[in-house]
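Residues per chain are reported as follows:
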Amino acid sequence: METIDALYVYIFILAAIAGHEVIARVPVILHTPLMSGSNFVHGVVLVGAMVALGNADPNSPLQLAIGFFAVALGAANAAGGYVVTERMLGMFKTGDKKVSAK
Amino acid sequence: MSARILIQVSYIVVAMLFILGLRSMASPVTARRGIVWAGVGMVIATLVTFITPEMKNFVLMIAAIVIGGSIAWYLGKVVKMTDMPQMVAVYNGMGGGAAAAIAALEFARGDVHGTMMTVLAVLGALIGSVAFSGSCVAFAKLQGLMNRVWRLPAQNAVNFVMALIAVVLGGMIIYAGSADSFGDPMKFKLMLIAFFIVSLVLGVILTSPIGGADMPVVISLLNAFTGLAVGFEGYVLGNPALIIAGIVVGASGTLLTQLMAKAMNRPITNIIFTPITGEAISSGEGITGSLKEVSALDAAAMMRYAQKVIIIPGYGMAVAGAQHKVWEMTKLLEEEGVEVKFAIHPVAGRMPGHMNVLLAEAGVPYDKIFDLEEINEEFPQADVALVIGANDVVNPSARTDKSSPIYGMPILNADHAQNVIVIKRGRGVGYSGIENALFYGENTRMLYGSAQQAVAQVIANVKSMQG
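Just so you know, the sequences run in chain order U and F.
Our numbering puts the first residue of the first sequence at 1, with every later residue one more than the last.
Our numbering puts the first residue of the second sequence at 1001, with every later residue one more than the last.
Calculated from the structure, these hints are not laboratory results.
These figures come from a predicted structure and were not determined experimentally.
Even for Gly, the Cβ is constructed at its ideal location relative to N, Cα and C.
Hints are supplied without guarantee of correctness; some may be wrong.
To be verified - In the EDC-like style, the derived pairs of lysine to aspartate or glutamate whose C-alpha atoms are separated by at most 20 Å in a straight line are:
#  : chain 1 : residue 1 : chain 2 : residue 2
1  : F       : K1262     : F       : D1371
2  : F       : K1080     : U       : E86
3  : F       : K1463     : F       : D1298
4  : F       : K1341     : F       : D1383
5  : F       : K1056     : U       : D57
6  : F       : K1189     : U       : D57
7  : F       : K1262     : U       : E21
8  : F       : K1308     : F       : E1328
9  : F       : K1077     : U       : E86
10 : F       : K1308     : F       : D1371
Unchecked claim - Rough simulated footprint, nothing fancy, chain U against chain F, three-plus residues with beta-carbon under 8 Å:
#  : segment
11 : 1026–1040
12 : 1049–1056
13 : 1070–1079
14 : 1083–1090
15 : 1106–1117
16 : 1236–1249
Go ahead and model the full structure; you've got the sequences and the hints to work with.
Shown next, in the form of structure tokens:
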């Protein structure tokens, strides 16, 4: 059990370093899309919510309700985060001639 | 057994896709690709989770995904570009709420064991709840549903007491949890309910006194919070995808928040504990001079015969949807041989980079757009600085007036230009409620009207001067 905890501590530290590195050299113009993108990435909470609901007691309405709530919110975070980020980044076309989109 | 291995391997792949995706989003050229990679990762993660052994309640699960996902997808598709920041706030709050709900469910199932797991579950629940209710308040403020800043008497003391209660309740839960007996189950349940309520209230009272100008930083901070909450709940569930993605977002979000706060020269502690509120300031103190109006014709002439014009767009321009008109005017002036540049304050719009997105949408190429450091020295050489719907970011009080709440914030030195034209809806104070000394300057002229209409008039007048 203790070795597993130590492993998780490594994961925490390495992930924190990765997160720091990822954003260290970002131009200001991409800050908003990047915030939106990282907002999408933590939408992976959906997966956790699915597992939690999947293990909930089918005979406990309370557990099912909380689980349903968690999955619905997680799905909204993921789906909404993706659409919004994709739309924003869609504006940054590198082409020289722009056809004004819709 | 093999299903478990497939799931674990997939989660690692997913985590890598997320990190590479975020990495690609750091450059305008590869940004689009980045979000697609992250999206592929999300689809893999979701599909693979369905084959987790011993799971139940699939009908309910699929229903929740379809309902939550499709509503959010639809709203994300139809929202206007100017309203993006509050949409990000909403989705972020939902993620925080989901993390808190996972903690609640794990506690309800009695599946939280050991000190470390209980500590992280409680922390995740606290942070997730604060992110959830705080983001709802941020949304309400940006959407204009909650216009006035309200402060409790002795706000900081109330914040402190609420935070203390949350910590004490959390501590009691951790103590009961690590004893592994959970004490009296009824008492434990009540403790949990009280803990969640206090956490949610804490999110509301922390964000309510914060003014609109500081909102971008708050959203970014709450985004980092949600990341941490997701990471902590990932540990509770033993799920590496959640841990890695959550902590990466927590770390990058914290750094991004610092970058933003630095751009505004307001330490994060200041933003939370001494918010800018217009009411606290005796307005216009020490500002002399008068507001001088200018007609669209004169404004057009000033710019048409200028060598160099620097445009400073603000949120007001975006709200009026005038960015297309502004770009049309820019092209017109360039045809007449005027050099036109755009100057963007780091916090123009409602989030850093928001204004760049809005200008990009209108078709302004990004080689015409300049950051504060790049352009500030050019203002003395500019014949005209055109301020459209911006206010606090050009307020010279930030340089000179120590009593001003925005003192020390780096600003665009529009007042150093030969002439300043300010397009503004009316005579009121700006979003943060602070009087702007620039508007009373000797060489400043005010062009009243909505940005859309004022720029259209300027365009018409410039055209009439042709030939």
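Each hint tested on the structure:
1. For the proposed pair K1262(F) and D1371(F), the alpha carbon gap of about 14 Å is at most 20 Å, so the pair holds.
2. Between the alpha carbons of K1080(F) and E86(U) the distance comes to roughly 14 Å, so the proposed pair stays at or under 20 Å and holds.
3. Only pairs whose Cα atoms come within 20 Å are accepted, and K1463(F) paired with D1298(F) is accepted, the gap being roughly 13 Å.
4. For the given pair, K1341(F) sits about 12 Å from D1383(F) by alpha-carbon distance, which is consistent with the 20 Å threshold.
5. At roughly 8 Å between alpha-carbon atoms, K1056(F) and D57(U) fall within 20 Å of each other, so this suggested pair holds.
6. Proposed proximity of K1189(F) and D57(U) is supported: the alpha carbons are some 17 Å apart, at most 20 Å.
7. Taking the CA atoms of K1262(F) and E21(U), the gap is about 18 Å. The hint holds against a cut of 20 Å.
8. For the hint pairing K1308(F) with E1328(F), the CA-to-CA distance comes to about 17 Å; that is within 20 Å, so the pair holds.
9. A distance of roughly 10 Å separates the Cα atoms of K1077(F) and E86(U); the hinted pair therefore holds under the 20 Å criterion.
10. A distance of roughly 17 Å separates the Cα atoms of K1308(F) and D1371(F); the hinted pair therefore holds under the 20 Å criterion.
11. Given a C-beta distance limit of less than 8 Å, the hint that chain U covers the segment 1026–1040 of chain F holds, as 11 residues qualify and 3 suffice.
12. Counting residues of the segment 1049–1056 of chain F whose CB lies closer than 8 Å to any CB of chain U gives 6, so the stated coverage by that chain holds, three being the minimum.
13. For the segment 1070–1079 of chain F, the stated coverage by chain U holds: 8 residues have a C-beta nearer than 8 Å to a C-beta of that chain, and at least 3 were required.
14. Taking a C-beta to C-beta cut-off of 8 Å, the segment 1083–1090 of chain F contributes 5 residues in contact with chain U, enough for the three needed, and the coverage statement holds.
15. Interface restraint, the segment 1106–1117 of chain F with chain U: holds (6 residues with C-beta to C-beta distance below 8 Å; minimum three).
16. Counting residues of the segment 1236–1249 of chain F whose beta carbon lies closer than 8 Å to any beta carbon of chain U gives 12, which meets the minimum of three for the stated coverage.
Hint compliance for this structure: no hint is broken.
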